[in-house]
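Colleague: Heads up: the protein sequence lines correspond to chains B and S, in order.
In our numbering, each residue's number is its place in the first sequence (first place is 1) plus 43.
In our numbering, each residue's number is its place in the second sequence (first place is 1) plus 31.
Honestly, the hints are just simulated from the structure, not real lab data.
Predicted model, so just to flag it, every value in this text is computed and none were measured.
Fair warning: there could be bad hints in the mix.
Pairs of lysine to any residue, SDA-like flavour, derived with a Cα cap of 20 Å [claimed, not checked]:
#, chain 1, residue 1, chain 2, residue 2
1, B, K231, B, L259
2, S, K155, B, N72
3, S, K328, B, Q288
4, S, K328, B, K231
5, S, K155, S, A268
Which bits of chain B does chain S cover? Going by a derived footprint, with three or more residues having C-beta under 8 Å, they are [said to hold, decoys possible]:
#, region
6, 178-190
7, 300-309
C-beta: ideal position from N, C-alpha, C; glycine also.
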Amino acid sequence: MSQIQATPTPIKASTGAGFREFWHYFAVNRGAVIGLVVFTLLVLIAIFAPLLAPHSPDQQYRDAILTPPIWDAMGDPRFLLGTDPVGRDMLSRLIHGARYSLFIGLFVVVGALFVGVILGVLAGYFGGWVDAMVMRVMDIILAFPSLLLALVLVAILGPGLFNAMVAIAIVLQPHFARLVRAAVMAEKNREYVMAAKLSGASHIRLMLVTILPNCLGPLIVQATLSFSNAILDAAALGFLGMGAQPPTPEWGTMLATAREFILRAPWVVTFPGLAILITVLAINLIGDGLRDALDPKLKRS
Amino acid sequence: MLNYILRRVALIVPTIIGISLCAFFFVRVLPGDPILAMAGQHGVTPERYEILREQFGYNLPIWQQYFNYLGSVLQGNFGISLATKRPVLTEFMTLFPATIELALVAMIFAVVVGIPAGIFAAVKRGSWFDQVTMGIALTGYSMPIFWWGLLLIIFFSGYLGWTPVSGRIALTFFLRPITGFMLIDTLLYGNWAAFVSALRHLILPAVVLGTIPLAVIARQTRSAMLEVLGEDYVRTARAKGLSPRRVVNVHALRNALIPVITTIGLQVGLLLGGAILTETIFSWPGIGKWMIDSISKRDYVVVQSGLLLIALIVMAVNLLVDVLYAVINPRIRVK
Numbered sequence: 044m045s046q047i048q049a050t051p052t053p054i055k056a057s058t059g060a061g062f063r064e065f066w067h068y069f070a071v072n073r074g075a076v077i078g079l080v081v082f083t084l085l086v087l088i089a090i091f092a093p094l095l096a097p098h099s100p101d102q103q104y105r106d107a108i109l110t111p112p113i114w115d116a117m118g119d120p121r122f123l124l125g126t127d128p129v130g131r132d133m134l135s136r137l138i139h140g141a142r143y144s145l146f147i148g149l150f151v152v153v154g155a156l157f158v159g160v161i162l163g164v165l166a167g168y169f170g171g172w173v174d175a176m177v178m179r180v181m182d183i184i185l186a187f188p189s190l191l192l193a194l195v196l197v198a199i200l201g202p203g204l205f206n207a208m209v210a211i212a213i214v215l216q217p218h219f220a221r222l223v224r225a226a227v228m229a230e231k232n233r234e235y236v237m238a239a240k241l242s243g244a245s246h247i248r249l250m251l252v253t254i255l256p257n258c259l260g261p262l263i264v265q266a267t268l269s270f271s272n273a274i275l276d277a278a279a280l281g282f283l284g285m286g287a288q289p290p291t292p293e294w295g296t297m298l299a300t301a302r303e304f305i306l307r308a309p310w311v312v313t314f315p316g317l318a319i320l321i322t323v324l325a326i327n328l329i330g331d332g333l334r335d336a337l338d339p340k341l342k343r344s
Numbered sequence: 032m033l034n035y036i037l038r039r040v041a042l043i044v045p046t047i048i049g050i051s052l053c054a055f056f057f058v059r060v061l062p063g064d065p066i067l068a069m070a071g072q073h074g075v076t077p078e079r080y081e082i083l084r085e086q087f088g089y090n091l092p093i094w095q096q097y098f099n100y101l102g103s104v105l106q107g108n109f110g111i112s113l114a115t116k117r118p119v120l121t122e123f124m125t126l127f128p129a130t131i132e133l134a135l136v137a138m139i140f141a142v143v144v145g146i147p148a149g150i151f152a153a154v155k156r157g158s159w160f161d162q163v164t165m166g167i168a169l170t171g172y173s174m175p176i177f178w179w180g181l182l183l184i185i186f187f188s189g190y191l192g193w194t195p196v197s198g199r200i201a202l203t204f205f206l207r208p209i210t211g212f213m214l215i216d217t218l219l220y221g222n223w224a225a226f227v228s229a230l231r232h233l234i235l236p237a238v239v240l241g242t243i244p245l246a247v248i249a250r251q252t253r254s255a256m257l258e259v260l261g262e263d264y265v266r267t268a269r270a271k272g273l274s275p276r277r278v279v280n281v282h283a284l285r286n287a288l289i290p291v292i293t294t295i296g297l298q299v300g301l302l303l304g305g306a307i308l309t310e311t312i313f314s315w316p317g318i319g320k321w322m323i324d325s326i327s328k329r330d331y332v333v334v335q336s337g338l339l340l341i342a343l344i345v346m347a348v349n350l351l352v353d354v355l356y357a358v359i360n361p362r363i364r365v366k
């Protein structure tokens with residue numbers, strides 16, 4: 044009895060050591076650390092947006108339409124990054140936009156991860172016709188260019204931020220399903236799974252408790268990649284008028300409404316795109332660091 | 032080899048059926064009524080509505096409609112556009128060369144810049160060249176290309192005035208298409224000024240569309256190259272006293288390019304997705320813009336058949352890449 048009770052301790056110690064080892068490899072990558080810092084800042088900006096933004100994102104200053112940024116001779120000290128075509132403060136809209144982009148990324152990744160992992164585990168664990176069915180459906184989704192499929196799905200569901208997120212999650216989840224399926228197939232005949240099976244573990248326990256945690260590395264990397272893809276795709280849908288609808292301060296939507304002013308007022312186009320680029324770049328930097336730290340094959344090189 | 036190809040083709044048949052089902056039913060659940068959309072602003076009388084419903088087969092059970100659709104698609108009839116009243120396949124064929132031309136030039140740009148950049152970065156691993164190149168590559172990979180396109184327009188068209196803002200060629204030229212590829216057609220006509228105009232229209236869209244593939248190819252080439260450079264046979268080649276140049280160009284590169292070719296093939300689907308954004312920004316008359324316009328005009332027939340045609344093309348290219356991969360890499364065939 045005492046032996047069984049003693050087992051949790053070494054496991055805890057090993058996860059702590061595992062994290063330290065992971066952090067060691069992650070921190071070597073300077074880019075990844077920079078990405079993490081920028082991302083943390085963005086999260087803080089998103090959380091404290093109402094406190095940080097100098098103006099309301101929807102307040103229209105009719106006396107200051109299309110004011111250039113402060114470093115321009117025509118700039119107005121009230122509006123650091125200038126104003127948009129209806130006189131709203133760019134900086135405040137950008138700060139509030141961080142909330143949308145990060146929420147979109149989170150929602151899509153959680154949704155795609157949830158569905159993809161369930162389908163992938165089922166396909167990999169049971170094999171046979173379950174596998175064939177699930178994987179054919181994934182093949183079908185992947186045969187369409189993802190942005191086009193998302194567009195058509197949004198057209199069916201109706202334009203809007205929520206429907207855009209659902210569409211993007213549907214389009215991104217086959218990647219998770221494929222990844223998990225491959226990992227489960229590789230793991231399911233290993234001895235520790237056999238041992239668990241012989242000791243009477245149920246299918247669900249075998250799938251979720253025994254096998255799944257050992258497929259976590261590639262899943263985390265894929266989740267990071269999907270996070271940045273989700274932000275890009277949602278912005279693209281917003282840009283095409285199928286995502287968040289004006290006056291929502293979503294960065295892609297802001298770009299769509301600013302398009303006709305590109306030559307007259309470049310700043311209304313420059314800043315929202317720059318915000319998207321910085322966010323996506325930070326996440327991809329983290330993703331690169333995670334991949335190097337979690338992929339044992341690359342560790343040695 | 033033939034066996035492998037046949038097996039691969041057999042595997043995609045259920046997928047193709049699934050794609051046709053998706054294309055058909057997706058469009059059927061789109062909000063709105065196809066007959067009312069066809070009638071436009073004038074509307075129709077209830078009697079005329081029933082006649083049209085019967086004429087287009089919308090009164091039949093949905094399954095029968097699907098099989099009728101499948102039947103006519105197999106005969107090469109993809110339906111008539113509700114908006115232009117022209118056959119969808121004809122429209123597709125007139126617009127497709129524009130997308131192919133754009134995508135091909137974008138891909139050539141990506142390969143010609145991306146592969147050498149990746150090789151140099153790998154050979155000079157850790158140098159400032161490597162770091163800067165990979166920094167740029169990751170930035171390119173993270174780029175919202177619709178914004179990138181707008182920035183290039185602001186700078187090259189607005190500020191410098193070097194390139195036109197939209198279209199495929201200046202409106203002063205009217206050339207009846209021969210191949211549909213503007214660069215080739217203008218040369219066939221021997222119209223040098225038109226060729227230059229077409230080229231100037233093409234550069235910015237091609238750069239925008241090629242940016243993400245370029246970044247992916249450069250990163251992939253670098254990591255494939257690094258892996259190969261650590262192999263025993265490369266060490267042997269070096270030990271034999273071969274020049275570093277020969278080791279890289281002959282021994283390492285050939286093996287490193289195998290995964291890169293797969294990567295290039297996989298970019299085709301992404302390229303078609305990117306074409307939607309690029310063509311919208313530059314008003315490029317290709318299938319990406321055609322699909323977007325049809326979705327917003329609720330032209331069901333075009334959306335349905337366009338989805339089907341595009342998915343079939345992506346699948347065909349993926350199949351081609353797989354076969355090509357099996358030709359280069361015999362190990363894959365036995366699996």
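Colleague: Each of the hints needs a verdict: does it hold here or not?
Modeller: Against the structure, the hints:
{"no.": "1", "hint": "B:K231 - B:L259", "verdict": "holds (14 Å)"}
{"no.": "2", "hint": "S:K155 - B:N72", "verdict": "holds (18 Å)"}
{"no.": "3", "hint": "S:K328 - B:Q288", "verdict": "holds (18 Å)"}
{"no.": "4", "hint": "S:K328 - B:K231", "verdict": "violated (50 Å)"}
{"no.": "5", "hint": "S:K155 - S:A268", "verdict": "holds (18 Å)"}
{"no.": "6", "hint": "178-190", "verdict": "holds (count 10)"}
{"no.": "7", "hint": "300-309", "verdict": "holds (count 4)"}
Of the numbered hints stated above, the single one contradicted by the structure is hint 4.
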